[in-house]
Structures are given as C-alpha cells and as structure tokens.
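Those protein sequence lines, which keep their order, are chains A and B.
When we follow this note's numbering, the leftmost residue of the first sequence carries the number 1, and every step to the right adds one.
When we follow this note's numbering, the leftmost residue of the second sequence carries the number 1, and every step to the right adds one.
Just to be clear, a hint being listed does not mean it is correct.
To be verified - If the Cβ cut is set under 10 Å, some of the chain B residues that face chain A in the computed set are:
(1) Ser4
(2) Gly92
(3) Leu93
(4) Pro109
(5) Phe143
(6) Pro147
(7) Arg166
Said to hold, decoys possible - So the derived label-pair ranges between C-beta atoms look like this:
(8) B:Ala96 <-> A:Val173: 53 to 63 Å
(9) B:Gln155 <-> A:Gly99: 30 to 40 Å
(10) B:Asp165 <-> A:Glu199: 29 to 39 Å
(11) B:Ala177 <-> A:Gly70: 30 to 40 Å
(12) A:Glu199 <-> B:Glu73: 47 to 57 Å
Read the hints as simulated data drawn from the structure, not as lab findings.
For each residue, glycine too, the CB sits at the ideal point set by N, CA and C.
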Amino acid sequence: MSDDEDEIILSELDDDELVDQMIDDLYDGMKEEIEEGVNILLSRGWAPYDVLTKPLVGGMTIVGNDFRDGILFVPEVLLAAGAMKAGMAILKPLLAETGAPTIGRMVIGTVKGDIHDIGKNLVAMMMEGAGFEIVDLGINNPAEEYIAALKEQNADILGMSALLTTTMPYMKVVIDTLKEQGIRDDYIVLVGGAPLNEEFGRAIGADAYCRDAAVAVETAKSFVARKHNQA
Amino acid sequence: MIPSDATLTREGADLRQAAPQRLLLIACGALAREVLALQRLHGWDHMDLVCLPAILHNTPQKITPEVTAKITENQGYYDRIFVLYADCGTGGLLQAECDRLGVTLLKGPHCYAFFEGVEAFAAREELTAFYLTDFLARQFDAFVWEPLGLDRHPQLLEMYFGHYDRLVYLAQTEDEALTAKARAAAARLGLRFERRVTGYGDLAVEMEREAGR
Chain A
1 MSDDEDEIIL SELDDDELVD QMIDDLYDGM KEEIEEGVNI LLSRGWAPYD
51 VLTKPLVGGM TIVGNDFRDG ILFVPEVLLA AGAMKAGMAI LKPLLAETGA
101 PTIGRMVIGT VKGDIHDIGK NLVAMMMEGA GFEIVDLGIN NPAEEYIAAL
151 KEQNADILGM SALLTTTMPY MKVVIDTLKE QGIRDDYIVL VGGAPLNEEF
201 GRAIGADAYC RDAAVAVETA KSFVARKHNQ A
Chain B
1 MIPSDATLTR EGADLRQAAP QRLLLIACGA LAREVLALQR LHGWDHMDLV
51 CLPAILHNTP QKITPEVTAK ITENQGYYDR IFVLYADCGT GGLLQAECDR
101 LGVTLLKGPH CYAFFEGVEA FAAREELTAF YLTDFLARQF DAFVWEPLGL
151 DRHPQLLEMY FGHYDRLVYL AQTEDEALTA KARAAAARLG LRFERRVTGY
201 GDLAVEMERE AGR
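Please put together the full structure from these sequences, using the hints given.
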C-alpha cells in the first residue's frame, strides 16, 4: 500500500467513493478500516441492510471470485473474511432491530470426525450476508445433532462440510437417516468441502454440491425460491 | 543421486534408468527418498521411478490430472505402472482414474495413513492430530507455514489450528535433527508434540507385493 493510500480519510469521501474504498479495504483484509467505514455509513443514515450488501457482501463477492480464479489464496480470503465479520458484528444487532429480510434458515456444521471449519465458517458468513439465518452447529456433528437442530429450528436448509476423504462419506449417513425418518424432502441438503465433487453430491443424495461460498449462496437462493413457488 | 527436497517439492524428479524397466513407479515427490531407500534395500532394479512435485499435496484437485498425464505418457513403455499416492484429498477421483487405466494405487487416505499402516491409522480415530512425516518435517515451511500465510499473518494461526491439540510426527527414520525440527514445528503451531516411529509401513508392504508380481 502506498503512502498516498495511507492518507485517505474515510470520513471525507462521499458515499460512492467510500463504498469503493471499503471494497478495496475488505479485499486487503483491513478490519479497522471496515469497522470505521461501516460506522460512517450508518452515521450518514444508511440502512444497515444496505451497508451489509453494498460494501461488505459486494466486496466479499469480489474476493470470492478472485479466489475461484486463483488470484487470491486462502490466507487473503481469511483476512478479508475477518474484516467482513468485524463489520457484520456492528450491523447484526441493527439488522435484527430493523427487521431486515430473512430468506431462509440454514443449519450448518462439519460432519462427525471432521474438525476443519474454515470453509464452513466462510459459507455461514456469506449466507448470513445474503439474508439467511444461520444455526451454526460447529464441528464434528453426528446425524442426530443435525436432525435435532433441523427440527427444533424449523430450518429450510441443511449444510454439511468435510475436508477429509475419510469423513465425507458420513454425509450419506446423515441423508440416509433423514430418509429413514421420512423427512428427507422437508429440507434442502447442500454439501461442500475440498475433496467433494458434483458426482459425490449426487451419489449420496444431496440436492447440490457447492464448490465455494458464493456458489452455496446462489444455490441456496435458487432452491429456496423453487420451494416457495411449490408451496 | 537424490534431488534436493526443494526440487522434489517444486519440480518433482525423473529418476528413470537409461532403458525402461518392467515396472514404473509414479510417486509423490514427498516419497522419493523412502522409495529409493526401499529399492536399494531390496535390490529392486526392475523398477523405474518418476516423481511429481510434492507441493501438489496442497492443491489436491491437480493431482488426478497430473498423475493421469504421467500414466498415459508412459503406459506403452512398461509392463505395469504402480502409482505411489494415496487418495490424497482427491475424493476418490484418483482411484477411479487408476481403475479406468488399469494401474495400481496405494491404499489409504494419505501418506500419514500408509506409513503408520492404514488400518492402525484408522483405528486411532485421531480427530485433533496434525501429522508430519520425515519429508514434511524437513519441508514444514514450504508446505505449511508459508502457504497458510503464517509467516505474514500469524494472527491466522488460531483459525487454522484452533481445533487441533497435538502434532504427531510419524518418523520414517531415526534422526535427532529431524525430530528437533518436528518438535519446533509443533511449538510454532502451539501444539503438543508426539513422535511415533513408523518406518516405511504399508509403503514397504505394498511395494514388496508389487515387486513380486
């Protein structure tokens, strides 16, 4: 970053310039600048939902695209995600107060035997940013925990994540248990994780395999819209 | 002569003999030393060895196409090909491709598993262990510290390793200096250190089986 850029004073930028600058700052993982930008936009009367979607989700979408295209790598994505999370922490209570739209509810967690939650956390954050309500079960979840949460929370979507070749077959155990209980079709089942692929998703009976967080968001939106149209 | 670890990591190595032998081993560069040691020990002169860059370990989606290309390039010159990879995060795609091409693949999810013995490794059900082998202990910075950005962004450590509680060094050889390196890696990651001597495990067993075919 050059000295010129260091001298940018966020509060002196107009709204459009500030949003563009925040998108750049998010890309660079600048957490404090994002917090400052969020507060400035709120003080200018922006709706929390607009602050969330324009600079934060907008910025993170660019990060996601560049990750997909091999321009950015995992550490940079995590820094950007950390900055977005800091901005969301300011917005979350305000979004709850203002009754921002909720598209659907998702129960998400890594499967039994798997402690790798970086991908799951990114998906949860982007889904939340897109207007989904997230019930995050964390790591190492047996089928009964997923299913209990789906029922208790009256969820629309189940999201399962695995990083290991040895743990990904457990997703089928969860889906088979849903079938045994006669509730498989009550939920949209999305799966993801580095060793998975579309064929695996189909073979275990998931509704879709999502290769990254952006795809998860788009897939979830499209399935929820279809579900609502059927209802 | 064995290429340097840096070469095995980034470039791989073509260690074939002047004239093609009966059996071609296509291996991950991380296994080169172990495979050559076993060949020397048993006098398996009828095997040729070619190694792909070990750093493919960090981008498993590239492993299957790279191995496939190497198989098809060589299949006409050898009686048999033995692929010295485990699943290595390919989600079953490498096995499917090896089946399609009629070549053998090592069993197990990763090299950690076959060094310890696939069944013994699975039976431990160690969720919270991070593994190093001899090669990975030597190349810890190139495989772990730098690609994860921990040299530039140490604040990410908790995000990557927060759920791990120990580093298990699966030692193929007795090497005090390497053990010290692995111990230091555990300290850098904030993990408890454990060392297990595995020798060559299932790698030796499966190579021996293939040698006798």
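So which hints don't hold here, by number, going up?
1, 5, 7, 8 and 12
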